Structures are given as C-alpha cells and as structure tokens.
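Asks: Position chains X, Z and D relative to chain Y; hints supplied.
Single-letter residue listing:
There are 4 protein chains.
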Amino acid sequence: MIISDKIPVAVLGATGAVGQRFVQLLAQHPWFEIVALAASKRSAGKCYAEASQWVIPGDPPPDLGDMVVRNLDPDIPAKIIFSALPSDVARDIEPAFAKAGYAVCSNAAAYRYEPDVPLIIPELNAEHTAMIPTQQQNRNWPGFIVTSPNCTTTGITMALKPLHDVFNIQQLVVTTMQAISGAGYPGVASLDILDNVIPYIKGEEEKIEQETRQLLGRITNGKREDAKIVISAHANRVPVIDGHTVTMSVKFTHKPSVEEAISVLRDYKGLPVIQELPTAPTHPILVRTEADRPQPRRDRDAQEGMAVTVGRIRECPLLDLRMVSVVHNTLRGAASGAILNAELLTAKGLINTS
Amino acid sequence: MIISDKIPVAVLGATGAVGQRFVQLLAQHPWFEIVALAASKRSAGKCYAEASQWVIPGDPPPDLGDMVVRNLDPDIPAKIIFSALPSDVARDIEPAFAKAGYAVCSNAAAYRYEPDVPLIIPELNAEHTAMIPTQQQNRNWPGFIVTSPNCTTTGITMALKPLHDVFNIQQLVVTTMQAISGAGYPGVASLDILDNVIPYIKGEEEKIEQETRQLLGRITNGKREDAKIVISAHANRVPVIDGHTVTMSVKFTHKPSVEEAISVLRDYKGLPVIQELPTAPTHPILVRTEADRPQPRRDRDAQEGMAVTVGRIRECPLLDLRMVSVVHNTLRGAASGAILNAELLTAKGLINTS
Amino acid sequence: MIISDKIPVAVLGATGAVGQRFVQLLAQHPWFEIVALAASKRSAGKCYAEASQWVIPGDPPPDLGDMVVRNLDPDIPAKIIFSALPSDVARDIEPAFAKAGYAVCSNAAAYRYEPDVPLIIPELNAEHTAMIPTQQQNRNWPGFIVTSPNCTTTGITMALKPLHDVFNIQQLVVTTMQAISGAGYPGVASLDILDNVIPYIKGEEEKIEQETRQLLGRITNGKREDAKIVISAHANRVPVIDGHTVTMSVKFTHKPSVEEAISVLRDYKGLPVIQELPTAPTHPILVRTEADRPQPRRDRDAQEGMAVTVGRIRECPLLDLRMVSVVHNTLRGAASGAILNAELLTAKGLINTS
Amino acid sequence: MIISDKIPVAVLGATGAVGQRFVQLLAQHPWFEIVALAASKRSAGKCYAEASQWVIPGDPPPDLGDMVVRNLDPDIPAKIIFSALPSDVARDIEPAFAKAGYAVCSNAAAYRYEPDVPLIIPELNAEHTAMIPTQQQNRNWPGFIVTSPNCTTTGITMALKPLHDVFNIQQLVVTTMQAISGAGYPGVASLDILDNVIPYIKGEEEKIEQETRQLLGRITNGKREDAKIVISAHANRVPVIDGHTVTMSVKFTHKPSVEEAISVLRDYKGLPVIQELPTAPTHPILVRTEADRPQPRRDRDAQEGMAVTVGRIRECPLLDLRMVSVVHNTLRGAASGAILNAELLTAKGLINTS
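Residue numbers (the numbering used here), protein chains in the order written: chain Y, 1 to 354; chain X, 1001 to 1354; chain Z, 2001 to 2354; chain D, 3001 to 3354.
Chain Y with its partners taken away, still in its complex shape:
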C-alpha cells in the first residue's frame, strides 16, 4: 500500500494523558500528520508545550511544542479527528465534527453505545465499518464517528474473539485488576492506592458487560446484532502503572479442551488487510504457557504494547475454561487502538483524502 502524501489529522483533548499518547504516537506516523491540536478553553491559545504538563513516558515531540492549541471548533484543516475528550465534552463536540464532514475516531465513551455507531478493534470486527453508511443516513452527517472500546474490554475481547468464533461463548465472569494510568492524570491519588486495592471503578463493570457484547456482535445489512453473552464483571484498581490484568471464567456452547483453546488463540491472525496496517502487531494475541504469566509489568509492552497476552488457560470447575489476559491499557487500550481504527478506515477507502 502506498500513500503518497500524509493525511492531515488533529487531536481533540490533546493536553490530557491520553491526548499526549496520541500526540506521541502520531508524531512519527507513516500515514498521518498532525496539523492541529485542540483542547478546552483553558488551554486554547497557549503553545502545546505550555498547555500540556507531560505525564507519560518519554518526551513530548520537539517540533510540536510550539504549535498553538486551538479550541474545539470544527474548522480544522484535517481529514481525521482523534478524540481524547472526556465523555461529557465529547457528547457535544464529536457530533459537531461529524456533521461538518470529519471522520472522528474517538476514544471517548459518549457515543460508544449508540446502535448506529461502530465500536471497533480491527483484528476482531473490521466489518463493523459497514455501520457507517447507516449512521450517516440516520443522522444526516457527511462525516461519521467510529469509537474504540474501553481499555479493559479490549483485553477481554481480544482474548475471547477467536474462541467465540469457533466455540460460541455463552457465559462469562471477569475480574479485572486495572492499572492506575487507566484513570488519567492526576487520576488516582497515591494515598488511595499505595499498599491497597480499590474494588470499584465507576461505570467500568457496565462498560465491560455492554461493550463485550457489541464487539463480539454481528453485522447484517449495516446493523449490529449484539452477541448474546451473559457477563458478570468485577472491576478493581491495583497499584500497577500500566497494563490491565483480567481473570476470566468462560462457558461455551461447544466446550473446547485446553489444547484446542490454545491452538485457536495461537493461530488467530485477523484479516490480511489488517496485518498490513502500520500500527497492527504481527501477532495480536500471544499465548504463554508458564504457570505465572501473563503479568502486567512483564507482558504489557509485547509487540509495542499492541498484543494481548493470554495465559493460565485451564479447566474451570463451574464454567468451562479459566484464563488470564493482560493488555496495555494506554497503548492498545486507548490511543494506539484509535489510531489503528483510523488506519483501517484509510485502508478501506473510507477517508476522503481529496
């Protein structure tokens, strides 16, 4: 695939922790070029270096430090809009951009649950882009919104999709141990989490239960039918910087053996078109067979943080199988995931590059 000139893109909410990840990743992207950074009134008008207090690893891209942060008006000379906005702000801003013709790739939850807005992880459900024309027709928008899932759901569904395709999942119990970076910056107070576990993350269990059904759903005539899986989620915050760990018990229509499950996961590749996207990992799912893996610190960075690592696949005394997965929540589970979605849209010709 050859793309002659880079596609101009912008980041909304560029000053926050997820916004910083977008900026860092897009600064060296082979297809996309940042032409604008936008944020709330408090930051607009300042140069980016001044407006953003850098909290993620590495340094800010040196050539973007002087870029003046714009406000959130839909008059940006870009083709793709990456949204790292808080959901309450995204609710008003993202439709304004879609209405103005932009392709909005959102990391926010505001529109994730709309029946005509696709929720996409390219390796799992690239065909959900078929919902875009329906969305445009429903809402009379020349542009559109595509969303990426909650970081935790990403780790769950990437581990389950290959198994669902073959054995059909019916029931699922998940318990999460989520990293502090999932709460943004400043996010979790150190006095709350050092030497501690917080067994509650507002809204998280509902997101996991709903989004998993959407991501594993099927598309017919541009409409999504959610997967019929009964899901019980327990969400917890633990003192880990990056990387969400999830334990799962799963019941299938057709119970696989442990060996079959490992084999299906190891063989999963996704569509060829996906494998050629610049941000796509060579192996989206890694299976480890050591007794004590995956672990967030040791597995989160696999494949540039784009692979989900699965392990401890074993019999479940109550349902069928138990397993553990780890996902890098701020890479695969946030900025990189949305960028991969934009790459998918580009490869499918859904971005108006004229």
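FYI, nobody ran anything at the bench for these hints, they're computed from the structure. Heads up, a few of these hints could be off.
Calculated lysine-lysine pairs in the DSS-like style (CA-CA distance at most 27 Å, straight line) [to be verified]: (1) Z:K2255 with D:K3251; (2) X:K1348 with X:K1006; (3) Z:K2255 with Y:K202.
Predicted model, so just to flag it, every value in this text is computed and none were measured.
Replies: Relative to chain Y, chains X, Z and D alone:
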C-alpha cells in the same frame, strides 16, 4: 470465665514470619503462657532473639529474646502446641506431638484435608470439634490435631457462612488479590511484584476450593460431610503488604435480595461462647456500604485484624449476588485464627489442664 | 495533674487530611473536648460526616459525624483553636482568632517565621513559650499564636537537639525521603510516585533550613535568637505512605564519638513537666543499633507515632557524624505535635480556662 | 570503523539478573557474538533456557535458549569474557581467565580496588586503559582484567567528571536512593521494601567513596593516582524498580555559577573515538531544568538507558552546589557499561582478534 493459672503453650516454627506473629500475640495472652519455642535444627540451641530475624511490625517481646530455641521433639512441658511449621515439616512433626498427648493447633496445610481432622473457624463451625474423638479413636492418639484454614479461605467463608446458613450456596466464583505477607519471609521478591500482578499462587486455588467446602460442611456422629458447592477460584498476588481482597459471585438455592444479604451478614454473631473468647472480635463480620469498600489497607485492621469486612453486595448478572471481602491474612487468617481455635478448645474443656 | 472539666477546643480546616487526624486524636483526649469543627465555605453548614471524605486510617469518631461544620469566624465557644488550615487561608484567619482572644495552636506555615511567634516542640524548646507575652504586646492581641514545625524538621531537630545541647552543631547536610501523606489528600498523584522518586518538594528545603535554626535557638528576655547553623537540605518524595526518613551529616564544635552521641541521645528525656503531658511519649528519642534501621514502615509507629527513631550513627568522612532519623509525619510531625503544644500551654497555665 | 567478522565473546554468570542483561544486549550486538554462556556447577550442563529463570524485561533471545551452559573453566573459544559473577566467585575465576590470555570485562567488585586494575567509564577516563600493560607485567598475565564501577558510582561520576575537569572537586556529600534491581534477583524481599525505605546497603558507601576517587583519578606512566576528594556517602534502598537517584552537595576549588555548571555539563561529549562506539549514547549527560527532574521512572531510559540525567543544579548553603542525578543502574550502571568498555578496548586495538 476464670482461668486460675495460665496454660503452658509452645510454638513450633517460632522463627518464621507466622511463628513471630504467634509469639507476639501469645506474649500478652490472658489464658496462655509461652513456655517453649521450637524450630528446625538450624535455629535450635540459639536464643530466640538471635535465631529469629524479626520481620513483622512491632518489636519482639523483650522477655522472650533470651529463651533458648528447642528442637522439634515432643518433650515440651506444654499443653497446647501451636504449629507454624512449613507443611512438609508439619507432616512428620505434628502427629508425633498428637501421639505424645498434646493438643496441636496447626496453621499448616499438612493435615487440613484429612477426613478426621477438624478445620475450624470458631464463629463458623465450632461444632466441628466433635471430630476430635473420632480422630483420636482412628489414630489411637491421646492428643489431637486441629487445623485452621488457609488465610484466603478464611476471608471467603466468613463472608459466606451466614448466607449459606439461610440461603444455601450452590455455586461460587472467586478471584483473589492476595497480600505479599501471605507468602512468608523472604517470600515474594520485590522485583516480581512492584508495579506488577502475579496471576498465580501455587496450590492456592485448590486449597480455596477444598477448604471452603470443609468449613461449610456439617457434622453428623463425629464425621464431617463437606458442603456441596461448585467453586471456581482464581488466585493472584498483588503489591499489598497485608490484607487479602476477594471478589465473589455466588448462586444460592434461595436467592436473597441485596438487602436481605446485608441484613443477614450484619446480624451474624456466632455462638455466645465464642463471643467470650479473648481473641474473638465483637463483630466478626463488618458490612460497609460505601461504593469503594472494603479496601485492604483501610479495612484489614478492623477489630484488631479479627473481623472480615464485606462490601459491594449487589446483583450478579450471571449468578445471584456479587460481593467483595477483605481479611487480614496474617492475623485472622493465620496466627490469631489458630489462637482463637485454642481458646475454643479451652472453653470447651478439651484441653487437659491438669 | 488533675483537670476537672475538659477544655473546649475547635479544629479549623477539620475536613482535610491533617484536620481529620486532629479530630481523630482529640475525640478521645483526656483534657480537651471538641466543641466545634470549622472549614471553608464549601463545607460550612454540612454535617461533618458529609463534609469530610475520610482518608486517614481508622474510622471517623461516630459521635462527631453529625456535628454541623461552622465557618471560619472567630465566634466559637472554645478556648483552644487547632489550625489545620492551608497557609494562605491561615494567614488571614489565625490572627483574627488571636485578636479575639483565642489560643491558636497552628500546624500551618503562615506565621512560623514571624520573629515573635514561637515554634515549639515541647521536648526541645518548651521555654520558647516565653515569646507569647512579647507577641501579645507587639500585636495588641489578648490571644496568641503558637506554631508547630514542618513535619520533616521535627524529625531532624528531635534527633539533633540533645547533641546540640552538649556538642554544639555548626554544619548540617540533610537529605529527606518523605512520605506521600505529607502532601495531604489527594496530594501526590499515583502516576507521579509509583516506581519513582520526585527529587523536589516546593518550599521544603527552605523550611527545613529556617525552622531548624529557630527550634534550636535560645530565648532571652522573651526574644528568640536563632541557632547559627549552616544547613543544606535536599528534599525528596518517595513511595512511602507515612514516615519521613532523613539522612544527616553533622559537624559539631566539640566532636563526639559515636558512643557519646548514642549515649546522649539515649539519655535524653526532656523536662519532667513534659513527660506528664498525655500525648508525650515515654521516650521521645529511640536509638536503634541494627545496621539497617530506622525504616519508615517499621519505626514510624513507635510510641504511638510520637517518638523519633535514630540509627546508623557513624563517622562522617567530611563532617563529624552521619546518622538517619525517622519521624511519623502526620502524627508527631503534624496533628499530635500541635496537640502536645496545647497540652504544654495548658500545663503552664497559659490557657484561660475560666 | 569496519569490523569484518564478529568477535567471539562469552558471559560468565550468565544465568543471574545481570548476566541476563548481558545476554540480551549482546544477542544483537554489531561487533560481538556470544559463543559461550558459563555459570556455576548448578547450572552447567543444562540448556540456557532451563538454567536461567528470566527476570528482566523482555524475553530471552530465542536462538540462545538451546545453548548448553558451560562451567567456569578458562577453555572457552572466545576473545572477550564478560563477567557477571558474584564477587566472591569472581575473585578466583577472573584471574584464571586473565592468566589464560582472555580480556576480562568485569562487572564484579572483586578486582575493582586493585592498584593495577583499571576501573573505566569510557566517556570519563578512557585513558585508564594505559594501566593494562602495567597489570600484565605485574602479574605476568597475557590477558587482563578491566572493571566497570558500581552502578551508583557511575551515576555520580558521570555527573561530576565534566565539573571536576574544569572546577576541581574537593568535597562531596552524596545520598543515594537506589532501585531494587541493584540487588539482583531475588534480591530485596518485597516485605522489606514495599511502603518502606531501607537506609543501608552493605558495602555501598565504601564503594562509592573509593570508586569515585579512582574514576576521577589521573594516569601517569601507567599508574593511577586517585583524585583527592573527601566524600561522604549515605546509601538507601527505595521502592523503585530501575534507576538510582543521587542527591549531591559539591565543593570545588574554583566555584562555578549554576549557569557555568549547566553549560559545562551540557557541552560535555567525551572523546570522538568514544562517540563512535555502538553502545555509546549521543549525549552521555543530559541536563534538565524543570524543578522536579530528574526522576528515575521518567529519566532512566534516556538514550537507551546509557545517559545520566542531571538536574536541580542550585547553590548549596554549605558547600558550593547541589544537584541530583539519575542513572539506569542495570543498563549504564552494569551490563551496558561493561559492554561499552569492551567496545573501547576493541576500538583501541587491545583485543587480540587474530
């Protein structure tokens, strides 16, 4: 209850982390008096201060520092033997003491799973002491072994027993987030657990599944019939010093409402005889209704570390109810639990104090 | 000492982390009784349970949960006012209370550096209360302000005062490793401090350098002459919950041997009148001789958190001696320290209890 | 520089944590090729994958997993021997290899303090290789030993050498906050370091004081004259995974201004020959001017972990300047440092590649 003179007791494995807790707690016990500390050959013959590198909070009892550590022979002038031995050592040593007529209160796993050895948490199943005569008869021992459960199982069963009594538990999925102190000292390497989760603790899931059924089992004619509960456990280590956190999904024969479950847990007291034991907490089960409790750092020390705190009681989309419990693993879940067992035996007249 | 009726006291800034410590400690104080809790407009009018999100260990005192939080006006029916206000608020509010006749015991920095405001640690410089009449005369106040030092300075000066008395300190290099609780709540973001050190705490080094000279200063005719010590401080934040650790290199006019220094520290008791204060520790300074002590987690709670633990006393290749001290920053170093000051004032008859 | 064929190298102590770093880094080295891995009798004879429990980030090099681990006899077909042995083992083994003609690049402390063994950081004192002929003559060895310093000393001396060259350092007080990985694996028990600081590391203060003088010393006629600097070190362990942080107070013969110090550090490059070594960073010293940097988590990975970051350069009330440095202790401070030394030896023609 008045006990004229203190009962002489000894601690086996006194130099390890759990052994140190025993020593610390027994040093100021109203009923018991330490007359001997015993340990492996490496420590025997040294004075206790020299043999034990103190790793738990607080200081070693000053008046025991000069006590010479004995070896593990059953010739100690004590009535009750507290065993903090590693399980492989306990397997040989504990029977030798029972055979020699001692009452052995063990924190080790070696004899927990024998059909004629009681596994006891006094507030839950004090009546399991009825297994002692059977054990003595089976094995032709003048003494006996009573065991206390794995620390994690303690947190699970204390939260579940009141509900099981009323609503009958059928199915259970638990995920644990366990403190590092559960692995003893030196135990977990800091390079393994800082900024990390280890989703595996050797043998722990099997212990949880088996011991829960034993603790919730019934006694008939001196024999225990295990509870028929299907249990799936996921055990994890997290960077917390003390306090095991457990998430649970539970299915009952008679589904309670959330309010009924809270009410049953709040009203649970255990038998009056138990409430008068010196180590027994006023309230063995505390229910918190804040959205984000219990938490290990903030709830582990409730009631001197002897109460289990339960919270987040809510509907489960798959089974009936979800909840979270926290237990102090090295107090209620280890040394204090075994001491409470010894108090129970004393109160029931099962210790030969002549 | 017999005090017939409890002295009515109030806490300003009662809803913050230090305010909560004041409330917790005063709720069971033998001499003082909380009659009012006051805070900023945001909290005033609400009941205390609602206004304060409890962040410190333990639970809020049950009988104070319903007390309505007052605003910060000096019309409170109390004799002693404990101030846990932020310094910028304290600057206006504390003088208003002193002007209205109250004895203000402040934990804030606002008036610590005034030449007529005593900065007191009772065991070290109880005689600095002689500055109070001067302050009242200078400012024409019927009441007065007495301050307690920065938490870190407390750990430094308690370790040094006995040595200064005998050997006269001339030079001091200190490096601090400070707990997160020193920054209040929410305070330090977990993303900033997990697996990290922050080698900077705003204003801390200047506070340490200045306050140490004040605390070790002498009083003549109601005026304080600061100690002439050259001090270089390096302040750092580390991932520890409670307990500030300080390394020190010290040069004296009369160089003591290591043994002499240990002996002087071990023998230090403070005045008899201080030892009878209810919050005073039996031993304000503990010396440990193990190679690796003091440590914040293992030593912070010594003597109910009121003792400073000193260790690793050894030769310094550049100055005279090196040593390490640990202080519990939110107990001795904050709320308990100010309460001890109020006890001193009471014992000295400086509180108008009529 | 063109090197036609890779130089065969071996790693002694290949199974430990530092040994694993050597293996990981050398597996993709442009000049060197691992031809042997050696370890103690316990590991010898096993394949490397089996003998080494991988504890560092990333995975073991796949093509080395099957290499059979050799014992520590000096009969290995390599030209350069990297030693990651414990010092007590190194004391016997390293001379055996030097005597057999090998160039030994050691990370162990065993021979660091010998007057004829060079201690080298290429950017600082590449000219100390002039000690090698002296060593060979003294000991009648065809090979030789070159050592790299203690990880903490590396962070100190890289920050100080440029200043020493221009302003001549006379006095130094350092306090370290060292990462747990500096203690190897399993190393520091998590029960010792979570929520804690250990203000003691055995032998570390002496190493810092001695090695700093050696590294900053001068060579005349193949002999090293140590720098005459009076140094006082305070060594502490903190809960950080990688990256040692050091605070320093420094006195110079010619006191620089803060600006001069910054300028000298920023301009420091080392010799051109060093800059061309494959492992050498573009900028060995980075100066940051933010108030709160450097921080270990945010700065340790700068320049692939090979740069030392310096910050908070400011006046010292007692000596002349204060500052903070951060070094990646297991990269620059251990394996990478020794590899860089081997590259220096190669570039200088001191490796017999025939």
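Asks: Against each hint, give a clear statement of whether it holds in the structure.
Replies: Status of each hint after checking the structure:
The suggested pairing of K2255 of chain Z with K3251 of chain D holds, with an alpha-carbon distance near 22 Å, which does not exceed 27 Å. Proximity of K1348 of chain X to K1006 of chain X is assessed by CA-CA distance (about 16 Å); at most 27 Å being required, the pair is judged to hold. Taken as a hint, the K2255 of chain Z and K202 of chain Y pair is broken in the structure, with Cα atoms around 60 Å apart against an allowance of 27 Å.
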